[in-house]
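Model the full structure from these sequences, guided by the hints.
Residue numbers (the working numbering): 1 to 918.
Wrong hints could be hidden among the right ones.
Restricting the straight-line Cα-Cα distance to at most 27 Å, the calculated cross-link-like pairs of lysine-lysine (DSS-like) are [said to hold, decoys possible]:
1) Lys425 <-> Lys444
2) Lys627 <-> Lys708
3) Lys280 <-> Lys267
4) Lys909 <-> Lys798
5) Lys30 <-> Lys186
6) Lys794 <-> Lys30
7) Lys847 <-> Lys905
8) Lys847 <-> Lys798
9) Lys30 <-> Lys152
10) Lys814 <-> Lys708
11) Lys228 <-> Lys186
What follows is a set of in silico ranges between Cβ atoms, one per label pair, in the way DEER data are often shown [to be verified]:
12) Lys503 <-> Gly47: 49 to 59 Å
13) Gly47 <-> Ser519: 34 to 44 Å
14) Ser468 <-> Leu693: 47 to 57 Å
15) Ile637 <-> Ser468: 34 to 44 Å
16) Ile409 <-> Glu477: 56 to 66 Å
17) Arg768 <-> Asp365: 26 to 36 Å
If you're looking for bench data, these hints aren't it; they were derived computationally from the structure.
Each residue gets a CB set at the ideal place from its N, CA and C atoms; glycine is no exception.
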Amino acid sequence: MRIPLATYRVQLRQEFPFEAAAKIVGYLAKLGISDFYASPIFKAKAGSSHGYDVVDPTQLNPELGTPEVFDQLVEKLQHHNMGWLQDIVPNHMSYDSNNRYLMDVLENGFDSEYLQFFDLAWNSPFRSSQEPILAPLLGDFYGSCLENGDIKLQYGQEGLSVNYYALRVPLRLESYSIFLTRDLGKLAKTLGRRNPDFVKLLAVLYMLKSLPAESGGKQRQDQAEFVKGLLWELYEGNPEVKTFIDENIQFFNGEAGNSHSVDWLDKLLSEQFFRLSYWKVGAEEINYRRFFTVNELISVRIEEQKVFNYTHNFIAQLIQEGKVTGLRIDHIDGLSNPKQYLHRLQEKVGDTYIVAEKILQPGEDLPKDWSIQGTSGYDYLNYLNSVFCDVQNEPRFDEIYQRIQGRSIPFEEVVLDKKRLILDKNLAGDLDNLATLLKDISLKDRYGNDFTINGLKRAIAEVLIQFSIYRTYTTEEGVAEDDRNYVKNAIEIARENQPFSQKELDFVEKVLLLEYDDSLTAKDKEQWLYFAMRIQQYTGPLMAKGVEDTAFFVYNRLISLNEVGGDPGRFGISTTEFHQFNQYRQQHWNVAMNATSTHDTKRGEDLRARINVLSEIPDEWQAQVQKWREMNHQYKIQHKKASMPSANDEYAFYQTLVGAYPFQESEMDGFVDRVEQYAIKSIREAKVSTAWLRPNSAYEEACTNFVKAILADDQFLKEFLPFQQKISHYGIFNSLSQALIKITSPGIPDFYQGTELWDLSLVDPDNRRPVDFTIREAFLDAMQAAAPLALMPKLLEKPEDGQVKLFLTLQALKVRNQFKSVFLSGEYIPLEATGKFKDHIIAFARKDAGQMVVTIAPRFFTRLIQPNQLPIGEIWADTAIELPASGWKNAISETECAGSTIALKDALKDFPVALLTH
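Structure below.
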């Protein structure tokens with residue numbers, strides 16, 4: 001197994017394909033990166049900016065380049081002895097016309113050879129349904145789209161299809177009869193009934209009537225292909241037939257604005273295996289499983305061995321050929337049985353490095369029986385971020401936030417409220433499906449026979465809402481003890497909140513814990529297990545949408561803590577807790593990934609580092625916010641006794657501006673637009689004054705106008721910028737400490753594209769903006785040609801361009817490559833400082849055999865230095881660290897450190913952090 005030393009995440013897309021990636025390989029190698037970490041590379045929806053909307057996992061995305069160009073990239077990586085970590089998407093595919101597997105299902109229904117590929121009501125082992133599969137992809141009501149001419153019938157070599165802008169869905173073959181018999185008599189008169197082509201057309205109609213019934217298999221497929229081929233031959237070869245079909249297309253499409261003119265098309269569409277509908281319908285009438293609440297991403301039944309093999313053969317081939325050396329699994333919690341999946345994956349790809357995107361709540365751990373090296377790093381991100389939040393100031397920030405809102409609402413209450421909202425508005429259809437399934441189960445139980453659908457729905461909803469983690473992992477092997485505790489805890493709280501649902505909750509608990517009665521048949525037990533495993537696939541989406549994508553945009557006490565996998569209700573952690581986390585990680589998940597920014601993080605790592613500075617200065621922060629609110633009140637709009645934007649949203653905007661405001665004037669271009677787009681997304685995600693499902697244009701316009709007005713107001717900027725620049729100054733040192741700790745902690749440091757310089761990105765798509773690698777490589781080449789001692793003062797004098805962060809990354813990765821065993825398997829030893837500023841230091845040693853590396857990273861700089869000072873040299877007074885040996889070298893400055901008692905005024909004489917090697 002190839003274990004990476006450091007990974008670099010690249011977002012491949014049409015604008016940055018394989019060829020562009022090949023040009024940065026040399027730069028990454030010089031920086032010290034060991035493994036190229038790629039976003040999904042398989043064929044995706046046209047124009048995809050991220051690659052997670054896969055349409056075909058059996059081929060490379062042609063928008064990224066040809067297989068030959070891909071191989072050239074691989075060869076270049078291998079030339080530099082670099083590996084390839086590949087992100088794969090087993091849970092879902094795009095609901096898109098280029099998804100030929102899904103289109104085959106929608107065209108052929110129960111005869112499709114790909115029927116088992118997708119998680120549909122059709123193939124549910126219990127309570128299956130044959131109603132048309134919902135296609136909730138229309139931008140307006142179906143009737144309006146139809147009558148406005150947005151939905152159109154088309155004909156081509158592949159047959160008849162219905163088109164809605166870029167969406168093209170083939171029609172079931174049996175419904176061709178409606179189309180071909182319309183005005184057939186006219187064609188008979190034109191050609192004559194004995195005309196060979198007319199006879200062939202009659203033969204087509206006859207074959208359509210005599211198509212094999214469901215499950216006709218290959219015979220039906222062959223006959224269907226023959227029918228479509230013959231019809232196309234007639235269309236191409238006979239002008240009268242072509243005119244007949246073209247005129248029928250025109251007739252069926254009707255006239256825009258004439259409602260009766262589309263009656264025939266409406267009738268034709270009513271006979272399909274799919275049902276076009278307004279996208280909002282998906283929230284309440286869904287009959288396929290989605291990725292979270294995204295209608296355009298349909299879930300895959302990867303638990304089926306045939307489906308697993310088909311969708312993983314290509315990636316396995318790339319691994320066998322040595323082109324891909326590791327895997328990152330997207331959204332593993334969406335799978336029916338992650339443990340089974342990982343076991344099959346390991347069997348298929350052998351001894352390969354594998355990590356998974358798994359969100360762990362504080363105190364939660366990965367299942368130890370998973371065949372995996374760890375997570376993709378959100379757990380690490382939140383512990384590292386939290387140690388830079390000043391815990392002692394939590395009461396003051398509670399007071400500030402309470403005063404802003406005029407009330408105090410604990411984060412836990414916000415979470416429960418927003419999970420209820422999501423379940424009611426966005427996952428209502430999924431909840432209905434779960435309740436219907438449980439109703440079938442309850443009818444076979446004497447104690448559950450009287451349960452109603454509504455009663456069961458209330459019980460299930462409350463249990464889902466009360467889950468404190470993303471999901472449990474019950475399988476046919478039973479219920480793990482930890483999972484049993486999570487279920488029982490959720491049920492216990494649900495009982496308190498739903499006093500009139502005690503019986504239903506007892507029954508839900510019984511089923512989820514698989515406490516079978518002796519009277520149950522084997523089939524009954526299978527149904528219980530299916531329900532328990534099914535509900536596990538919805539606790540994660542509810543947590544993600546209710547917490548990450550809603551509560552995190554509502555609870556704004558300190559928004560640096562509102563990060564994927566984080567808990568904003570915990571106002572930072574102590575160094576002791578951080579050390580304990582790292583020690584456990586070293587013992588159990590020592591090669592999991594250490595992330596600080598990803599394609600999914602809400603804010604860039606250096607933006608968070610700035611906002612964390614606010615946690616140190618609550619009084620000054622409160623005074624500044626009060627001034628800004630008074631100054632900017634003129635830009636707010638009063639509407640029905642409410643102020644727009646709300647005080648809560650305004651407070652979040654100020655934090656965002658402090659964190660995201662560019663270092664340099666040259667970076668201001670487009671900044672206002674970026675903040676406006678962020679403002680719209682954040683208030684829609686909050687779902688308070690506006691939402692994706694029900695946009696409030698007046699409120700959104702008030703918010704964007706507010707942002708534009710204050711950023712154009714010279715008086716506000718005159719008041720704002722001195723404070724912002726002060727925070728920015730302190731944030732620089734937070735960022736440097738954070739970067740060093742990430743590189744030297746247990747785990748594999750991961751660098752998101754571009755973050756080797758300052759990363760002040762906002763939530764996606766802002767964090768997927770193009771990266772200027774040319775300037776980064778130029779910076780790196782200049783650094784490598786200079787002596788560190790001569791270079792460091794210049795970098796610290798003008799840190800705005802980010803070179804100081806790049807320099808630290810370069811020097812620390814040199815050490816990581818030099819002391820590989822120390823970082824991959826060495827023990828983790830917390831170190832305590834002594835002296836005046838001992839509480840400002842995070843220090844630890846990594847030790848393996850006779851080698852040791854010591855990390856020294858300061859924090860809480862506002863109580864350490866003035867805004868015009870650097871945290872180096874004499875300011876550290878008597879602060880020191882006792883080490884077990886003497887004869888150290890500072891790898892950042894490449895200078896010697898004498899003795900075993902390291903005075904920080906010496907270790908940090910030239911640079912704000914230190915990395916000592918022995």
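Do the hints match the structure? See the list:
{"no.": "1", "hint": "Lys425 <-> Lys444", "in the structure": "31 Å, violated"}
{"no.": "2", "hint": "Lys627 <-> Lys708", "in the structure": "18 Å, holds"}
{"no.": "3", "hint": "Lys280 <-> Lys267", "in the structure": "23 Å, holds"}
{"no.": "4", "hint": "Lys909 <-> Lys798", "in the structure": "18 Å, holds"}
{"no.": "5", "hint": "Lys30 <-> Lys186", "in the structure": "75 Å, violated"}
{"no.": "6", "hint": "Lys794 <-> Lys30", "in the structure": "22 Å, holds"}
{"no.": "7", "hint": "Lys847 <-> Lys905", "in the structure": "24 Å, holds"}
{"no.": "8", "hint": "Lys847 <-> Lys798", "in the structure": "35 Å, violated"}
{"no.": "9", "hint": "Lys30 <-> Lys152", "in the structure": "55 Å, violated"}
{"no.": "10", "hint": "Lys814 <-> Lys708", "in the structure": "44 Å, violated"}
{"no.": "11", "hint": "Lys228 <-> Lys186", "in the structure": "22 Å, holds"}
{"no.": "12", "hint": "Lys503 <-> Gly47: 49 to 59 Å", "in the structure": "52 Å, holds"}
{"no.": "13", "hint": "Gly47 <-> Ser519: 34 to 44 Å", "in the structure": "56 Å, violated"}
{"no.": "14", "hint": "Ser468 <-> Leu693: 47 to 57 Å", "in the structure": "27 Å, violated"}
{"no.": "15", "hint": "Ile637 <-> Ser468: 34 to 44 Å", "in the structure": "39 Å, holds"}
{"no.": "16", "hint": "Ile409 <-> Glu477: 56 to 66 Å", "in the structure": "41 Å, violated"}
{"no.": "17", "hint": "Arg768 <-> Asp365: 26 to 36 Å", "in the structure": "31 Å, holds"}
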